[in-house]
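Visitor: So you can see what is in the structure, the chains are spelled out below.
Protein chains: 2
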Amino acid sequence: MRIGIVGGGAIGLLTAAYFCGDHDVTIYTRRDEQAEKLCTNGLTVICGNERTTHRVHAEPFVREIEEEMLFIAVKQYDLANILQTRIHMLQANAIMFLQNGMGHVSYLPHVPHHHIALAVVEHGALKIDDTTVSHTGVGQTKWSVWRGEKEAFSFLSSTNSRFPFQYVDDWEAMLLEKLMVNVAINPLTALLRVPNGMLVTHEPYRQAMKQLFQEVASVFQLEQRESIWKHIETICHQTAANRSSMLRDIESGRKTELDAILRYVIERANERCVPAPISTFLYALVKGKQLEGEKER
Amino acid sequence: MRIGIVGGGAIGLLTAAYFCGDHDVTIYTRRDEQAEKLCTNGLTVICGNERTTHRVHAEPFVREIEEEMLFIAVKQYDLANILQTRIHMLQANAIMFLQNGMGHVSYLPHVPHHHIALAVVEHGALKIDDTTVSHTGVGQTKWSVWRGEKEAFSFLSSTNSRFPFQYVDDWEAMLLEKLMVNVAINPLTALLRVPNGMLVTHEPYRQAMKQLFQEVASVFQLEQRESIWKHIETICHQTAANRSSMLRDIESGRKTELDAILRYVIERANERCVPAPISTFLYALVKGKQLEGEKER
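If you read the sequences in order, they're chains H and L. Sequential numbering from 1 applies to the first sequence in the working numbering. Sequential numbering from 298 applies to the second sequence in the working numbering.
Calculated directly from the structure, the hints in this document are not laboratory data. All C-beta atoms in this analysis are idealised placements derived from N, C-alpha and C, irrespective of residue type, glycine included. Just so you know, not all the hints are guaranteed correct.
[As the list claims (entries may be wrong)] Which stretches of chain L does chain H cover? Using the computed rule of at least three CB atoms under 8 Å from a CB of chain H, they are:
1. 506 to 516
2. 565 to 577
3. 583 to 590
[To be verified] Cut-off 27 Å, straight-line C-alpha distance, at most; resulting in silico cross-link-like pairs (DSS-like, lysine-lysine):
4. K142/H / K255/H
5. K210/H / K552/L
6. K255/H / K507/L
7. K592/L / K372/L
8. K230/H / K210/H
9. K424/L / K447/L
10. K372/L / K210/H
11. K507/L / K447/L
12. K127/H / K142/H
13. K210/H / K127/H
14. K210/H / K507/L
15. K507/L / K439/L
16. K75/H / K37/H
17. K210/H / K142/H
18. K295/H / K507/L
[Said to hold, decoys possible] So the derived list for chain L, only partly shown, Cβ under 8 Å to chain H, looks like this:
19. L489
20. G494
21. T498
22. Y502
With these hints in hand, go ahead and build the complete structure from the sequences.
Guide: Spelled out as structure tokens, the structure:
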């Protein structure tokens with residue numbers, strides 16, 4: 001199958017690495033330089049002590065793409081631009097979105113593809129350099145159909161056991177659960193500069209996370225609140241030593257997914273006239289840290 | 298006049314330094330070692346390029362004190378113990394409390410002294426070592442009578458021009474204004490690890506401080522809200538390069554005045570059934586940072 005992957009970040013490279021053995025994969029990058037390096041050096045994935053390099057095709061995303069299947073693996077903050085101005089350049093039968101947050105859902109009615117799926121990635125992945133990704137935690141990718149037919153994505157059933165896909169019926173509950181996880185873990189770890197585990201082992205931080213969780217759960221009138229809270233605690237324990245992507249972005253002075261996560265919550269709260277003081281306060285603090293970091297660079 | 302000063306921290310040493318020229322001053326310390334050093338080396342105050350050493354008497358606070366006037370210059374968190382168990386050891390005609398926060402006010406009905414005054418110190422002071430204090434910012438000490446007569450404190454009118462006292466009528470408004478300043482500046486600078494000026498020059502932080510201020514102002518049904526907010530902004534500008542006492546305490550792994558400041562707010566909010574989500578959230582985050590620091594030591 002001819003598969004295109006838009007985005008050369010950690011998730012794009014990881015996805016490419018696990019499909020390029022069985023499929024004809026092209027990675028579409030933002031920078032010429034990364035595409036050239038991928039063509040020359042191949043794509044290396046590190047998993048535990050294993051280090052595997054795959055031949056892969058890559059090119060910068062500058063002209064029209066024609067593929068059978070497309071994975072959109074850019075960050076939420078780069079997606080709006082693609083959906084608004086370059087969606088006609090993405091020719092494919094089926095398309096799958098791999099973003100955090102839910103901001104992209106409102107654009108989907110304007111996406112012309114017959115078969116549209118949404119997915120949330122529950123793998124640990126770290127981009128080491130332009131051609132190397134470390135698969136730091138084997139998890140799964142949950143996915144759901146937003147428009148069209150599930151069968152258009154049937155090739156997902158025969159993936160590598162280290163990169164499984166699991167279908168779920170309710171795409172909204174799926175995205176919301178991931179959003180709750182990101183809301184609870186990312187901004188707090190970025191602000192406090194602590195690894196994920198501290199949010200559950202350090203009691204004051206656990207209380208703060210719970211308070212934030214309750215507020216956001218109210219904004220979304222979340223059902224199964226207790227089980228999602230337990231899920232978040234489990235993730236913190238399982239990834240105790242990890243530094244969240246937002247913490248790493250803040251430390252490196254990079255742009256973060258703060259807007260896709262916390263500003264999205266605040267906007268929904270405003271629409272629904274539900275107060276969200278903690279989300280608003282935390283947003284300002286982390287935004288401030290992000291701007292401090294950008295100024296230093 | 299025979300003046301006793303209970304507490305050998307920055308404020309106690311500064312007060313002693315400015316009274317010991319004209320009065321018979323004794324500093325009552327917690328540790329034997331500090332009292333011995335003060336008796337041997339004298340008390341040095343640094344102000345700008347000047348460095349002055351005064352002969353001073355000091356002894357550990359272990360037995361009954363008899364003075365004409367007493368300044369209580371211990372931190373709020375040490376005061377409860379003194380007021381509850383050792384108040385009978387403090388013999389004096391008049392007594393003045395120099396604490397941040399308002400937690401001590403509820404104990405005052407049990408304080409036996411005829412003349413009781415409350416004060417808020419608006420000087421910058423930094424304890425360099427057991428016998429040296431740096432007067433980093435010349436301000437004033439506002440004071441007010443809680444019980445008894447203003448005339449019992451008449452010696453305050455003839456103090457050094459670098460250490461002026463200013464009488465105000467409304468002790469509650471005086472303490473509340475200082476509390477608002479401390480609430481707005483201390484926990485945020487401690488959490489964010491930024492100097493005071495960043496809270497007004499860095500727009501997201503200013504927004505967060507404003508949000509916190511509004512919440513706490515509502516808890517206390519604060520009048521003159523706009524003028525107190527301007528006062529806080531002015532202090533941030535005037536002390537832009539300073540690191541707040543709470544930030545320095547956090548960085549050094551010392552106990553902070555967080556409870557005297559922010560837990561006091563939360564308790565009043567609970568009593569009055571007013572929501573205080575931001576204060577509660579911020580309290581947990583700074584408490585967590587404080588405990589992290591203590592664990593590391």
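Visitor: Could you run down the list of hints and mark each one as holding or not?
Guide: Going down the list of hints, with the structure as the test:
1. 506 to 516: holds (count 3)
2. 565 to 577: Coverage by chain H holds here, the residue count being 3 at a Cβ distance below 8 Å.
3. 583 to 590: holds (count 5)
4. K142/H / K255/H: holds, 26 Å
5. K210/H / K552/L: holds, 25 Å
6. K255/H / K507/L: holds, 25 Å
7. K592/L / K372/L: Measuring from Cα to Cα gives roughly 22 Å; hence the hint holds.
8. K230/H / K210/H: Given pair K230/H, K210/H holds - Cα atoms ~11 Å apart, limit 27 Å.
9. K424/L / K447/L: violated, 30 Å
10. K372/L / K210/H: violated, 31 Å
11. K507/L / K447/L: This hinted pair is violated, its Cα atoms lying about 36 Å apart.
12. K127/H / K142/H: Distance ~21 Å between K127/H and K142/H Cα, so the pair holds.
13. K210/H / K127/H: This hinted pair is violated, its Cα atoms lying about 31 Å apart.
14. K210/H / K507/L: With Cα atoms ~24 Å apart, K210/H and K507/L stay inside 27 Å; holds.
15. K507/L / K439/L: Within the cut-off at roughly 25 Å; holds.
16. K75/H / K37/H: Status holds; Cα separation ~21 Å.
17. K210/H / K142/H: Given pair K210/H, K142/H holds - Cα atoms ~25 Å apart, limit 27 Å.
18. K295/H / K507/L: At roughly 23 Å apart (the allowed maximum being 27 Å), K507/L and K295/H satisfy the hint.
19. L489: For L489/L, the interface hint holds, since the closest Cβ of chain H sits about 7 Å away, which is under 8 Å.
20. G494: Status violated, d = 13 Å.
21. T498: violated, 11 Å
22. Y502: This interface hint holds because 5 Å falls under the 8 Å limit.
Comparing the model with each numbered hint stated earlier shows that hints 9, 10, 11, 13, 20, 21 do not hold.
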